[in-house]
Every structure is written in structure tokens, then in C-alpha cells.
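K.L.:
Since the structure of chain Z is provided, determine the placement of chain C on it from the hints.
There are 2 protein chains.
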Amino acid sequence: MANKQLHIGLFGFGVVGKGLYDVLHTTPTLQATIKKIVIKQADKKRSIANENFSIDADTILNDETINVVVELIDDADAAFDIVKTALQKGKSVVSANKKMIAEHFEELLQLQQENKTALLYEAACCASMPIVRNLEEYYDNDLLKSIRGIINGSTNFILTKIQEEQLDFKAALSLAQQLGFAESNPALDIGGFDAANKLSILLAHSFGVITKPTGFIFNGIEQVSLPDAILAKEKKQKIKLVATAKKLENGKLAAFVLPQFITQCDDLYQVQNEFNALTTESTFADQHFFKGKGAGAFPTASAVLSDISALGYDYKYEYKKIFHQTDTELSNDFYLTVFISTDDLTKIDKANFEWIEESHNEFNRSWLIAVIHAEKLAGTAWWRQEGVSLILCPDAIIETVEYKKISKRSLELAGVV
Amino acid sequence: MANKQLHIGLFGFGVVGKGLYDVLHTTPTLQATIKKIVIKQADKKRSIANENFSIDADTILNDETINVVVELIDDADAAFDIVKTALQKGKSVVSANKKMIAEHFEELLQLQQENKTALLYEAACCASMPIVRNLEEYYDNDLLKSIRGIINGSTNFILTKIQEEQLDFKAALSLAQQLGFAESNPALDIGGFDAANKLSILLAHSFGVITKPTGFIFNGIEQVSLPDAILAKEKKQKIKLVATAKKLENGKLAAFVLPQFITQCDDLYQVQNEFNALTTESTFADQHFFKGKGAGAFPTASAVLSDISALGYDYKYEYKKIFHQTDTELSNDFYLTVFISTDDLTKIDKANFEWIEESHNEFNRSWLIAVIHAEKLAGTAWWRQEGVSLILCPDAIIETVEYKKISKRSLELAGVV
Numbered sequence: 001m002a003n004k005q006l007h008i009g010l011f012g013f014g015v016v017g018k019g020l021y022d023v024l025h026t027t028p029t030l031q032a033t034i035k036k037i038v039i040k041q042a043d044k045k046r047s048i049a050n051e052n053f054s055i056d057a058d059t060i061l062n063d064e065t066i067n068v069v070v071e072l073i074d075d076a077d078a079a080f081d082i083v084k085t086a087l088q089k090g091k092s093v094v095s096a097n098k099k100m101i102a103e104h105f106e107e108l109l110q111l112q113q114e115n116k117t118a119l120l121y122e123a124a125c126c127a128s129m130p131i132v133r134n135l136e137e138y139y140d141n142d143l144l145k146s147i148r149g150i151i152n153g154s155t156n157f158i159l160t161k162i163q164e165e166q167l168d169f170k171a172a173l174s175l176a177q178q179l180g181f182a183e184s185n186p187a188l189d190i191g192g193f194d195a196a197n198k199l200s201i202l203l204a205h206s207f208g209v210i211t212k213p214t215g216f217i218f219n220g221i222e223q224v225s226l227p228d229a230i231l232a233k234e235k236k237q238k239i240k241l242v243a244t245a246k247k248l249e250n251g252k253l254a255a256f257v258l259p260q261f262i263t264q265c266d267d268l269y270q271v272q273n274e275f276n277a278l279t280t281e282s283t284f285a286d287q288h289f290f291k292g293k294g295a296g297a298f299p300t301a302s303a304v305l306s307d308i309s310a311l312g313y314d315y316k317y318e319y320k321k322i323f324h325q326t327d328t329e330l331s332n333d334f335y336l337t338v339f340i341s342t343d344d345l346t347k348i349d350k351a352n353f354e355w356i357e358e359s360h361n362e363f364n365r366s367w368l369i370a371v372i373h374a375e376k377l378a379g380t381a382w383w384r385q386e387g388v389s390l391i392l393c394p395d396a397i398i399e400t401v402e403y404k405k406i407s408k409r410s411l412e413l414a415g416v417v
Numbered sequence: 418m419a420n421k422q423l424h425i426g427l428f429g430f431g432v433v434g435k436g437l438y439d440v441l442h443t444t445p446t447l448q449a450t451i452k453k454i455v456i457k458q459a460d461k462k463r464s465i466a467n468e469n470f471s472i473d474a475d476t477i478l479n480d481e482t483i484n485v486v487v488e489l490i491d492d493a494d495a496a497f498d499i500v501k502t503a504l505q506k507g508k509s510v511v512s513a514n515k516k517m518i519a520e521h522f523e524e525l526l527q528l529q530q531e532n533k534t535a536l537l538y539e540a541a542c543c544a545s546m547p548i549v550r551n552l553e554e555y556y557d558n559d560l561l562k563s564i565r566g567i568i569n570g571s572t573n574f575i576l577t578k579i580q581e582e583q584l585d586f587k588a589a590l591s592l593a594q595q596l597g598f599a600e601s602n603p604a605l606d607i608g609g610f611d612a613a614n615k616l617s618i619l620l621a622h623s624f625g626v627i628t629k630p631t632g633f634i635f636n637g638i639e640q641v642s643l644p645d646a647i648l649a650k651e652k653k654q655k656i657k658l659v660a661t662a663k664k665l666e667n668g669k670l671a672a673f674v675l676p677q678f679i680t681q682c683d684d685l686y687q688v689q690n691e692f693n694a695l696t697t698e699s700t701f702a703d704q705h706f707f708k709g710k711g712a713g714a715f716p717t718a719s720a721v722l723s724d725i726s727a728l729g730y731d732y733k734y735e736y737k738k739i740f741h742q743t744d745t746e747l748s749n750d751f752y753l754t755v756f757i758s759t760d761d762l763t764k765i766d767k768a769n770f771e772w773i774e775e776s777h778n779e780f781n782r783s784w785l786i787a788v789i790h791a792e793k794l795a796g797t798a799w800w801r802q803e804g805v806s807l808i809l810c811p812d813a814i815i816e817t818v819e820y821k822k823i824s825k826r827s828l829e830l831a832g833v834v
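Residue numbers (the numbering used here), protein chains in the order written: chain Z, 1 to 417; chain C, 418 to 834.
Derived contacts from chain Z toward chain C, CB cut-off under 10 Å, selection only:
1) Glu122
2) Met129
3) Pro130
4) Arg133
5) Glu137
6) Asp267
7) Gln270
8) Ala277
9) Thr280
10) Phe284
11) Gln287
12) His288
13) Gly296
14) Ala303
15) Ser309
Because the hints were derived from the structure by calculation, they are not lab data.
Cβ atoms here follow ideal geometry from the backbone N, Cα and C, with glycine treated the same way.
Extracted from the complex, chain Z is given alone in its bound form (with noise of 0.2 Å):
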């Protein structure tokens, strides 16, 4: 049991930063100190004090004492900087950015073999929960078919609030940020680039998959109406917006980040507000369902915490995906059945559709479910504009619509449709 004593430079002391500094000094088991904290404002006010402090990252990197490097950054750009140097420096990292891992990721994983040492970040998907270490640990022999969930807390709120209070989008999205549920800036987590980069991050760790968020389709819940809500409650359904990882029967891997409408049997409809789960599904263990606090300040230091435990240990990603399996490749070829609301018919491009199962018009909206190859949601843009909304149906995707596309015609042979 080999317990290294750990010496901690510390990038960023906000809300995560400072709970982890008042973990650390009352948690015994760990032998961990922060020696060096690095700020970018020197002349902010601080409850600790001010020797413990340096406005010079260098203080922290070019320091051979210290041994492992915490990044709790916001800026993706300047941590990578931080990052890279840290782990050419042999030093051990700890990050919850999950952007700039998403970003890095190829670069990030030769930089520790090549300084053979470990970056660790459970804090930068669904913060408290141990996602990252089980899809690298556990899910390694049994085959994963599949990995679905709810991984970004601030829109799943907002989408929380739109159902549950039948509060428009702009005041969900307001309610949220006076709770500290949103950034100030929402644009990465109500855009879906937060899910999207955590879903690549995951990607990598379930199915050994290296791929920026430009690799797949993604989306997040702007265009989601209040009238989508409405409909989705008539329907004892809800939204969320879901990551989904799906290997197809032909091998490759279906992935997309989408807002879904979610049936009362599926263990995803329980996860309200700031709440974050993530279900599997593999060949022997069949489904396992996880569920905890994705957002906030305790739980993200709790994974971070989690993290410089296993350092301790010496513990490291092996990456067992992405070295010892078979090549998977992400694939747009399946099919996806759509909902598509609009305040106006002319924006939806019929022709995209391989066919049209159900159409409505009311007062000022139309909707209509439709089956749609998943190519022709990546090349195309007109789904992403405003007074458009795309969710998925529950059970979207279809591998293959040969059966289907003969019996529809069939029934319009028959006059049914």
C-alpha cells in the first residue's frame, strides 16, 4: 500500500478551487498539501492567506518539489498550456476541463506516455460520479453495446423548469442562473457543446473512440418551445437532453448528443433539475444505471479530490480501449425518428425525410414525426435554425428502414395512409 506523499500546485482558487484547499486540509487519510496556489487577480480578497499565493504559473511548474498539478481553470486555452508543461515536467495532473480534453485529447494521451505520467479528470464528466474510472475499469471485457445519459446538469434544470413550472425557455435559463445552476455565459452548456465535449471524453473511455465534438452530431435545448413541453407532459413524457453512444450491428458506433423525449419506463425520466445519470448496456451485465450531482462546487471537488486519492496509489487511465480493442469507428449510417416542431412549415425541408409518419397543425405551430437518415442531419443546417425544434422520439434509432419504407408502402397501397 503505497501511500506517496503528494505536493500540490493548485491553478485556480473559485468556488471548486477553495472547497477542495478546505477538503484537503481537514481530510487525514490523504497525505496531501497545497503548496502554491496560482491566481490570475492578485488583489482579490482571500480567506486564506496571502503567502500561499502567486499570480506567476512558473512559481508552480519550474517548483521540482511539487509532484502533482490541480488545473481548475476556466479558460481551456490556458490550461492545456498548463497542462502540457505540467506532464513534460513529469509532474502528475488533475483537470475537470472537460473542454480542453475534449479538444486535446490525442495530444494529452501522448504527453503522458511519453513523460509517463498521469493526467486524471473524473471531475470533467458528470463531476461527483465515478464514470470516467468505471467505463476505463470495469467495462473493459465485457463488451458495451451502448451508453446513453444525461451529462450536462445546467440545461437539464432549465428543462426541469420549462416542464415542471411551464416557464419559457428565457426564464428557465434566468431562474438557473440565480441559483449558480448556469454560467453567466450559458452558451456552452444551453448550445450542447458542455455535453458534446463531455460525450467525447466518454466516447474515448467506453469504446476506445478519439474524436473532437466535431466528429458527431450534437445540438443543445435553445429551440426547445414551450409548446414541445406542453405536448411532452400531455404525453406522460419529458425532454432532456441526451448523449447516446450506440454500436450498431454493423460495428461501427452511432453517437450524438440531441434533446429526447423521455417515457416514464425509462430510468432517464427520474433525473430532474441539476441532476446527471448515465445508463450502460453491455453484453453480460446487461444495464447499469447511475445517477448523482453533475454540477457544483462540493460535488465537482469531491471527483477531484477522488482523483489525487488515486495518485496516491499511483493510479493511472491504461486507456484499455483505445490500445487493446478492435478499431470501432464512428458512422452517420442509421436512421433517426424525429420530432419537428415550427412556427413555419416553409423552414423544414421535406425532401430530407424518409417519410413522414405524423403531421399537425395547430394555431401557430406545426409539428410533425419523421423518419431521417442521421447523414442528412450532420450535412445540413436548416434543423438548427430559429423557430425549429428537433428531438428525438423515444427508441430513435433505426438501423436499417428496408422493412419499413415496404410496409409503409404498403399501406399506402392499401389507402391507409
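P.N.:
For chain C alone, coordinates are given in the frame of chain Z:
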């Protein structure tokens, strides 16, 4: 990435052992092969060649080329002998035998230390779910406040059928047996022994407490009556067999396995049939919820496989809570709010209660809700009689009753009660 070559000696070739054999022969990433299988009956017809089998345990235990023993037999005493000898011979061991592990925890811990070898048993708690490893690895610094869960699949299946289809206990048990969710001798499951064995293992990995099931209060579901289930349904609640461990304000630990009424807002409410689930509550991460299949050949084989895979990376439990944390003691010095129903009120010794909150007499069954000191449950047997059913109320634990006693008394003085 030291991926050690594993030469496995397998004890037992039931459904789990057979499943494991098939999986190992189709998993390319795992450098593990089964060298020999020891079985009890030599004359049974097998699906693989006879030369794989032996009825002599020593063909595995004395084979120095075998470095991993996988023990999948029913008999806990025979299992202990095998595991003990294997560890003494320096072999790593994977076991799914909760009864054996719970009964011999301290000896097994010592054997691992003395022989510097690993015993892994993820499959012993909640089958496929990675509960032991998460408790061991992840919840080590963030202080756990409680764990609470449904950790026996058979009883959960039976209770689900009683409640959903209003079967009586015997009919539900018989259905569970027909469907393979209960053993032909179901005493270990329905008597609560299996769940108690699992809680015993969980206590060690979550709070560092080593205790046999005799060290805490437990009961099964045999006495849960159909009228109890109907009453639960009227209140929109369900009855589940729940294992609980909770840190008390005095630093001691409350632990028990008892049936409990579960409200709709409880995560355990959605856990139906043979599923298992565990909720953890910790200071910083807050609540986490895990759900997965807790029984069945494949989910169990999946957990065994994951342990075998971990041995390839020289993984062993560090038992951090046992070795690094301040001693936590079990205590029955707390109160429980309980529901008690009976066919004969004279079976209930009311002198045991702090006070009675409700009392009802119906046609052929009486029931009451009362507050009782846990020590009075631990030290008496009246509530285990046939015709008496004791079910915890939601939020059953009360740490101190002084205030409530006084307010109760003032209600009495005011003539309200």
C-alpha cells in the same frame, strides 16, 4: 501496462461457471485461459471435453502453473477451504460466495496480507454492479454518511409480484422459483441472510467495519403479508427489503436489513423485480444512485470476469477504510419508526415502544405505527413471530427522541392524543 498472463483453475461448472468459460473463450483482450475445472460429480454430461475436468481439488491447488483460482461453488464451507488453501499457496482468488466471505472476513483479510495475494469478490455484492470496487476506490476521502439499498434480487422479485399482482407470499415465491430468480431452497434469500451477508461485506468496504451478520439487526420478508402490501399500495408506497448503514451524529454506525415502506420520491421506488440498487450519501458528492441486475448467471459472470481482468493488472483491494480510518463502531443506540401488523394484538409487547403514533383495528388484522429503540429490536424476538410483520416507515431512523417525547407529552396533556 503489465497485462499478466492468467492461468485459471475453476471450481464449479454451474450456469455462472459455464457462462464464464464461454466468455473467456470469446474475449480476445483478456490474456486468461482456464486450465482445469474441478467439479463435484464426475458423471454429469458436460458441453466441453472431459479432459478439462477433475473431481480432485488438488489438481488445481497443487498446480504451480495455475496463478488464479475462481471459486463458484455453493457450499460456503467447502469454498472457504479452497480459497484458504489457494491464498496460502500464493494464488490470486476470485469468489462470488457472499456467505463464505461474510463469515470469514477477518481470516480472509489476514490470509491476503500474510501471503501477499489478492482475493476479489465483486460478484458477491449485487452481481454485475461495480459496488465493492467503487466503495473501495472512490468513496475513500469524501466521507460517506450512509449507504442504503436493495441488495437481494429474489426478495425484490417476490415483493414486486406481491404488490403488482397481489399474489400472496407463497404464490410469489413459487413464481420466482419457476422463473429461476429464487433457489429451490430459498431460506437464505427470504430469511434475509443473503442480504445480511452482503451488507456485512459492504460495511467493511464503506465504513471499515468488520462484522458478521449476527452483529446487526436483520430480517427477511417471510412475514410481509398481502394486507401490508395492499396498505402500501393505498398510500402509493412499495415495500422493499432494504439494507441500511448510516453514520450517527455520535460517530457510531447504525446498520440493519429490514423491510421498509418506500415512497415515490425515493430512488429505490423504481427498482423492480430482480434488480438491485444502492444509494450512497457522502459529504461532498451528495447522493449517488446505482442500479443494475443483482442476480442471474450472466451478470454474475460479468463481475467475475471483471475481477479476473483486474488481476491481470495486479489489482487488489487496499481495504483503505479498515487500515486508514479511525475506528467506526456499530451501535443500536438509535430509534426506529416501525409499522407493525398482526393477526393477534396479544403477540405485540407494547412495553417495548417509546410511543405509539397510530393504531388501527380492522376485520382480521390490526396494525400500528410506533417508535422503538433499536436495542429493543435486537434483543427481543416477539416481532419475528408468525403472524407479526414489522416494516420500517420511510425515514425510519430517529437519533434522539427527547424533543419528540416532550411534544408528544404536551399533546397528551392538551388532550389531543
